[in-house]
Structures are given as C-alpha cells and as structure tokens.
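K.L.:
Construct the entire structure; sequences and hints are all you get.
Protein chains: 2
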Amino acid sequence: MLRDHIEKILPLTDEEFSFVQTFFTTRKYKKHQYLIQEGDEVKNCYLVISGLLKLVYNDDNDKDHIVSFAMEDWWESDYYAFYTQSQATMSLTCIEDTEVYCFSFENYKKLCAALPKMERFFLQKSTFGFLAAQRRILSLLTSNAKERYEQLLKQHPSLLQRVPKSLLAKYLGVSRETLSRLV
Amino acid sequence: MLRDHIEKILPLTDEEFSFVQTFFTTRKYKKHQYLIQEGDEVKNCYLVISGLLKLVYNDDNDKDHIVSFAMEDWWESDYYAFYTQSQATMSLTCIEDTEVYCFSFENYKKLCAALPKMERFFLQKSTFGFLAAQRRILSLLTSNAKERYEQLLKQHPSLLQRVPKSLLAKYLGVSRETLSRLV
Chain V
554 MLRDHIEKIL
564 PLTDEEFSFV
574 QTFFTTRKYK
584 KHQYLIQEGD
594 EVKNCYLVIS
604 GLLKLVYNDD
614 NDKDHIVSFA
624 MEDWWESDYY
634 AFYTQSQATM
644 SLTCIEDTEV
654 YCFSFENYKK
664 LCAALPKMER
674 FFLQKSTFGF
684 LAAQRRILSL
694 LTSNAKERYE
704 QLLKQHPSLL
714 QRVPKSLLAK
724 YLGVSRETLS
734 RLV
Chain E
554 MLRDHIEKIL
564 PLTDEEFSFV
574 QTFFTTRKYK
584 KHQYLIQEGD
594 EVKNCYLVIS
604 GLLKLVYNDD
614 NDKDHIVSFA
624 MEDWWESDYY
634 AFYTQSQATM
644 SLTCIEDTEV
654 YCFSFENYKK
664 LCAALPKMER
674 FFLQKSTFGF
684 LAAQRRILSL
694 LTSNAKERYE
704 QLLKQHPSLL
714 QRVPKSLLAK
724 YLGVSRETLS
734 RLV
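Chains as they are written, first to last, in my numbering: chain V, 554 to 736; chain E, 554 to 736.
Please keep in mind that the hints were generated in silico from the structure rather than gathered at the bench.
Heads up, a few of these hints could be off.
To be clear about the criterion: a stretch of chain E counts as covered by chain V if any three or more of its residues have a C-beta under 8 Å from a C-beta of chain V, and this derived list gives those stretches [said to hold, decoys possible]:
#, stretch
1, 593-602
2, 632-640
3, 665-671
4, 680-687
5, 693-707
Being a predicted model, the structure only gives us computed values, none of them experimental.
Where a beta carbon is used, it is the ideal one built from N, C-alpha and C, also for glycine.
P.N.:
Set out below in structure tokens:
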C-alpha cells in the first residue's frame, strides 16, 4: 500500500522503496483510542492503511469542532504541532478500528536529506493539502450548512456513509438537530 | 529581495541564485488593477515586492468574499487554478500600487527539475501555507467576528493598518456595520 501510495506521485526503484520503507512503522488502534491527545508532544504524522480518524479541536467553551476526517490513503496529524515540534492543541482519535503508518518528524527530516527526491512527493502532498484547506475556507465563508453537506457528499460520498451524524454535525459546524433537518 | 526571501529557508550559491533569478520577472500594477480576473487562465503566482493585494471570491449571489490578503514577502495566486492549470475562480487585485515577482507554472516545473533543492524551499512555503489555512479554518469554526478580528490584529498588526474597513469586513465575513460595532 505504501509503495502504491508514493508511486502515484513519484516513481521509485526497488532499492529506493526498500530504503524509504525503513522510515515507516505500522500500528493498530482500536475504535475510540487516541493517536494524539491535546497537550501531547506530537512525534508522528500518520498515513491511514485502514479505518477512519477524526481530528478534533476543543475550544475555550469546551465545545468540540471536527477539523477533518481521515480515511484510507489520507495523511493526518496535528500538523502545526508536528512541524513546529510543539504540544498538540488538537486530538486525533479513531472512529473505527484503524491501522496506520507512523512517520516521525525526525524520520521526515532524515528521509528528505538522504533521498531528496522524496521532497517532490511531500511537496505535492502539501500542495494538495493546502488546496483542500483553501476549498474548506471558501466553503465556510460562502456556504450554509446544507450546501456544505452537499459539497461533502459530492466530494467524498464513501466518507459520509461511515461518519456518524453526530460527528458530521461537528464537522459542518451545526447542531445535531439542525443536521437532521438538512439531510 | 528575492535572494533574501529564498535564503531565509534555503542557502544558495551566487551561481545558483543567478540561475534561479532567470525564472522570475517583475511587473508593476496600479491600485485597483487586476493580476488575475475570474475566468482567466492562471499562468503565474506572484511574490509581492511592495504593495498589497486581495484575493476575492465572488459567490453565486454576487457577494464578494476576501479569501486572503498578500503584502510584502507573501506569495499569492488562485492556487487551485495555478496548480491545475485551469481557469481562475477567484480574482487577484491591487489594494495599493503593487510590484511583484511573476513566477509561471512552466518555470516552477522547469526550476524544480533543473535545481531540485528548490523543492525544499517550495515544500516549506507550501507547508506554512497549509498551516496558515488550517488556522483560518479553526478560526472560522470556533471564533466569532470580534475574536477573528483580534486574532488578525495580533498576527498581522501592520496589515490591519493598511486594509480599508470595508475590505476587512469582507475578509471577516461580517457586514461593514457589524465591523464598526466591533472595532
């Protein structure tokens, strides 16, 4: 899975892939388990092999907001904490039993130094992440909850089938009751 | 300015910088002038040398939303259209007389192929862009207009002094009247 995932962007020789692989470890988590808890030092980002994650921000009024979901083939972390090697301000937990590749910040730097062509892979991932984030900003600025629901349904129909409505409401920024009226 | 800007992230030899420089051109625009108009083919992204830009999305109800501002040392474009080489869905215009470096998508690809270490520079820029976008998403999800104004004031005090209140309202997603009550 890792090789396919990388080679969608960057072809690797067998030797290169064997080398790249040594920078990744796999780990299994159960439903409801935390990969990152608010306040943790964030050592890893994660590539989902199977399962489903939610990245949650708990605000000053103790209200949960879902920043993003991550399913198979998606990367996730508290990226600000990951890149700045600071404490997590968000939590990352399992909506389903989940298996991930773990990739540490230290390994990120080591791999880029040892095999600079991997920077092209991360550049493309980062660019697409930025474009998706900008699309979400536009959606929050210009659309109401019903329109945001419809956009999500269009972009990721399979995701919507797996996400409980209570969590979907926290992603769309509406109450569970409002969501019920919309869908 | 270009050399300082790049070398904040990536040291270059004199030869390397001379080479990099050939991929950039400069251009001056007057206040109110368009760098990108909705519907245009987006050939360039821009690095602001002096001046101030706004990136605007005009929604289905003909309402303007300001996606971002860009001042000295900031990059801007309709990035989705730039990276996918598709038509602009946003417009980029001058709030002040502005001078920019123009960097075409063609040159972006050529420069990365010819001098792969530049991918490290773009990777870091892209990563920071993603983190800023994610911060804005969180701010839109969790904060009201008054809090968003205060966050912006804290992050970019010099920007706020240069942006007319009518445009600031379109960035914060409130009416001009609501903004007047807040600030």
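K.L.:
Does each hint hold? Answer for all of them.
P.N.:
Now for the hints, and whether the structure bears them out:
1. Residues of the stretch 593-602 of chain E with a Cβ under 8 Å from some Cβ of chain V number 0, which does not satisfy the need for three, so the listed coverage is violated.
2. By the rule of at least three residues with a Cβ nearer than 8 Å to a Cβ of chain V, the coverage given for the stretch 632-640 of chain E holds, with 3 such residues.
3. Only residues whose beta carbon comes within less than 8 Å of a beta carbon in chain V count, and the stretch 665-671 of chain E has 3; three or more means the coverage holds.
4. Beta-carbon proximity to chain V at under 8 Å applies to 6 residues in the stretch 680-687 of chain E; the threshold of 3 is reached and the given coverage holds.
5. Counting residues of the stretch 693-707 of chain E whose C-beta sits closer than 8 Å to any C-beta of chain V gives 3, which meets the bar of three, so the coverage hint holds.
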